[in-house]
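Colleague: To convert, note that position 151 of the sequence shown is 150 in numbering that gives the first Met the number 0; the numbers rise steadily by one, no gaps.
These are calculated hints, taken from the structure and not from any lab test. Be careful, since some hints might not be right.
To be verified - Derived PhoX-like pairs (lysine-lysine); straight-line CA-CA distance at most 20 Å:
#, residue 1, residue 2
1, Lys-322, Lys-260
2, Lys-257, Lys-322
3, Lys-278, Lys-257
4, Lys-334, Lys-322
5, Lys-278, Lys-260
6, Lys-278, Lys-334
7, Lys-257, Lys-334
8, Lys-322, Lys-278
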Amino acid sequence: MTVQATWLYAEREGEESVYPQVGGRSSSTWFQAVYWRCVAIFFASAARTSPDARRVLYTNVPTVPDVDGHDLGAFLEALGVEVVVRPFTYVPPVGYYGSWRNQFYVLDLLDAFAETLGDDDVGVLLDSDCVWTQPADALVAAARRHGALTFDVGLGPDEWQNGLTRREMGAIYADLDGAPVDPPPPYIGGELMATTGTTARALAEAARPVWEEMLRRHAEGLPKFNEEAHLLSYLYRRLGIAEGTANPFIERIYTSLKDGKNVAPEHLGLMLWHLPNEKRYGLRRLFPDVMDPTSWFWTGTPDAAWRRRLGRVLGVPRRTPTKALLDVSAALRDKARARLG
């Protein structure tokens, strides 16, 4: 069995964190609608490319909301998506780290995989701003070969990511394991967790004591893993899971100059596009087509031509002049909304 999953943890008033790619208050309806659109597109693209897979949404929200006048609950049900309400137990204390607070929810979802996957089943958990462009078969086969897949983001040893460099990560590894780490360990991106049931159980068993150690280190003012990707990077290394095995399937594609634009022609052929910059732009514009069963998204065969059309909307492999104008217009509209409150 293959499970294609994503998640949405809706923060409540008083527990907000900072999510720089979206902006605004993370407890607001406007902010959360950005992610609900992504959830709809994620599962629509999964259904188009891998219709026989099981699809699961993990969330803390008891009722899926309407967005832009669309009944998302009914839409997800029609796609066969199971909505699983899961509590957040890996909750960082106030002041733990300023950004991405809810990312530790991924560790709860690792527990969910450990509890529900058969030994040879493969669960693929992705951030909701990822889009499937091809069937998952090759990725699933690779996950079975390796036990789990890891996406090496390719950071330099002194390149900062969420408060730590790879070299600083290695120093924490050395504290935990009592042995120096050289060269510095890779930073494994948290946007993808693809694992068999057997490996999920090994990872989940190892995760809780490491989390407790991070809480102790925080209380004592010591360097710690600031987000789930730091912690998972350590667990993959500790369990001897090969590094970079997901790289043939996915890329973190930046389409905006402010984030170090890296979009390239070869990205068009990838199975998975992770599009952090497109939440408020291309993905938002794709949403009406995804919600329209008569649109090109649903009526066309999901082949190379379909993928190219998808890319024109999302800025892969390049941002067209039309898309650039639409993006600027959307950015100005959002700034005006923010000023008006």
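Colleague: Look at each hint and say if it fits the structure.
Modeller: A quick look at each hint next to the structure:
Proximity of Lys-322 to Lys-260 is assessed by CA-CA distance (about 15 Å); at most 20 Å being required, the pair is judged to hold. Between Lys-257 and Lys-322 the CA atoms are separated by roughly 16 Å; this keeps the pair inside 20 Å, and the hint holds. For the hint linking Lys-278 to Lys-257, the alpha-carbon distance of about 15 Å falls within 20 Å, and the restraint holds. For the proposed pair Lys-334 and Lys-322, the alpha carbon gap of about 18 Å is at most 20 Å, so the pair holds.
At most 20 Å may separate the alpha-carbon atoms for a hinted pair to count; Lys-278 and Lys-260 meet this at roughly 15 Å. Of the pairs offered as hints, the one joining Lys-278 and Lys-334 holds, with about 15 Å between alpha carbons and a cut-off of 20 Å not exceeded. About 17 Å separates the Cα atoms of Lys-257 and Lys-334, which keeps this hinted pair within 20 Å; it holds. Using a Cα cut-off of 20 Å, the hinted pair Lys-322 and Lys-278 holds, with the two alpha carbons roughly 14 Å apart.
Violated hints: none; the structure is consistent with every hint.
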